[in-house]
Amino acid sequence: MVYQNEKAIYIRIAERICDDILSGHYAEGSRVPSVREIAAAYEVNPNTAMRAVEILQRDEVVYQQRGIGVFVAEGARRKILAARKEDFLRHDIPEFLRRLQLLGMGIEEVVRAWEQNQEVNKDLKK
Amino acid sequence: MIEIQDVRFGYDRKKAKVFDHFSLQLEPNCIYGLLGQNGTGKSTLLYLLTGVLFPEQGHILVEGMDTRKRKVEMLSQMYIVPETFELPKMRFMEYVKTYSPFYEAFSMKVLEECMKEFQLPLTCNIQDLSMGEKKKVMMSFALATGTRYLLMDEPTNGLDVPSKRQFRKVIASNMTDERTIVIATHQLHDVEQLIDHVLILKDSQLLLNQSIAELTDRYGFGLLPEDIAADDILYSERNVQGDVGIWLRRPDDQETTVELEMLFNAAVQGKVRS
Chain A
1 MVYQNEKAIY IRIAERICDD ILSGHYAEGS RVPSVREIAA AYEVNPNTAM RAVEILQRDE
61 VVYQQRGIGV FVAEGARRKI LAARKEDFLR HDIPEFLRRL QLLGMGIEEV VRAWEQNQEV
121 NKDLKK
Chain B
1 MIEIQDVRFG YDRKKAKVFD HFSLQLEPNC IYGLLGQNGT GKSTLLYLLT GVLFPEQGHI
61 LVEGMDTRKR KVEMLSQMYI VPETFELPKM RFMEYVKTYS PFYEAFSMKV LEECMKEFQL
121 PLTCNIQDLS MGEKKKVMMS FALATGTRYL LMDEPTNGLD VPSKRQFRKV IASNMTDERT
181 IVIATHQLHD VEQLIDHVLI LKDSQLLLNQ SIAELTDRYG FGLLPEDIAA DDILYSERNV
241 QGDVGIWLRR PDDQETTVEL EMLFNAAVQG KVRS
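From first to last, the protein sequence lines stand for chains A and B.
Going by the working numbering, the first sequence opens with residue 1, and the numbers climb by one from there.
Going by the working numbering, the second sequence opens with residue 1, and the numbers climb by one from there.
Since the hints were made in silico from the structure, they are not lab data.
Hints may contain errors.
Stated by the list, open to error - Each computed DSS-like pair below joins lysine-lysine, with the alpha-carbon atoms no more than 30 Å apart: (1) LYS97/B with LYS164/B; (2) LYS169/B with LYS7/A; (3) LYS14/B with LYS69/B; (4) LYS7/A with LYS271/B; (5) LYS15/B with LYS202/B; (6) LYS134/B with LYS116/B; (7) LYS202/B with LYS69/B; (8) LYS164/B with LYS7/A.
Quick caveat: nothing in here was measured; it's all calculated off a predicted structure.
My request is simple: use the sequences and hints to build the entire structure.
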């Protein structure tokens, strides 16, 4: 599958920034590093850093305030989670199902594993 | 902008030309990776651009100025860090004081930042430095000159592991819209994420001249998709990951990271061209 391959660098940088928004490192409404700062931090070409910021702007995860900087948009966390869920359903699930078939496994085995996992989590919480 | 127009150059009349009918344009806001097997003329091209060497035929124009004339306006916008070099035995600050007046955009602030990143004190004595440290000092000075054109020949040779990261950091943080940087190298992994344009030289010609954005858009790199048509596979090799290669990217394929080593092998074997 193509998805095992390394995504283009600008996409990976955009994903890292999204990770930092999800983790709360950059709160909604706060400033994210400038293109130059991103370029230096990830040791990449500033044009690559710029493309990363551009796709985040396109997806309305961040917005630019001219002369001031780039900020995390309101509702950015919700948007990122929705997009990741969509991506998971479109790409990871079909690949997962394909592998089940390849291994001759049924969905009940997955359900059993899921239940076991729930048990373990419950025990851990105690 | 630098325009190389139909250039011919050779060191020896009896031997094959290093460049023949060679044309190329170098644009601002671009970091070029200049690649090619040994003896394909990477260093020669850098020296031709700076006016250290002259073409036998054709012209090289830096912002319209012929390099042959070696105009001060041109030379003050040009800096080259050769692969090996000698520096005068003096205190580094003395060197800076002597050579910085040639560059009107020289920035002490950039010099301080670069030296700090490389963990070298401004108070150092050039003769006390190792080869790798001399290189770092020279690169710091080069970036501080603020020239529009910065050419580097194998900049990461002789640098230790942490210094290679520091090198990428100083380049990334000092790149500007007006600047053109050309990095000639064999160390593909050192520059892979830094460059945004690939130039590959072979047989006195330009084999490949493409931006990373174009390459990313046009080709896929990595594990070959299972459902890819054989005709769409341009290059493949087998490694521990499985069958990897370069293929013509289909509209639904994810954009992948350009793998310079594979691209280079594919290009010199004539499997990928501009």
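Which of the numbered hints above does this structure break? Structure breaks no hint.
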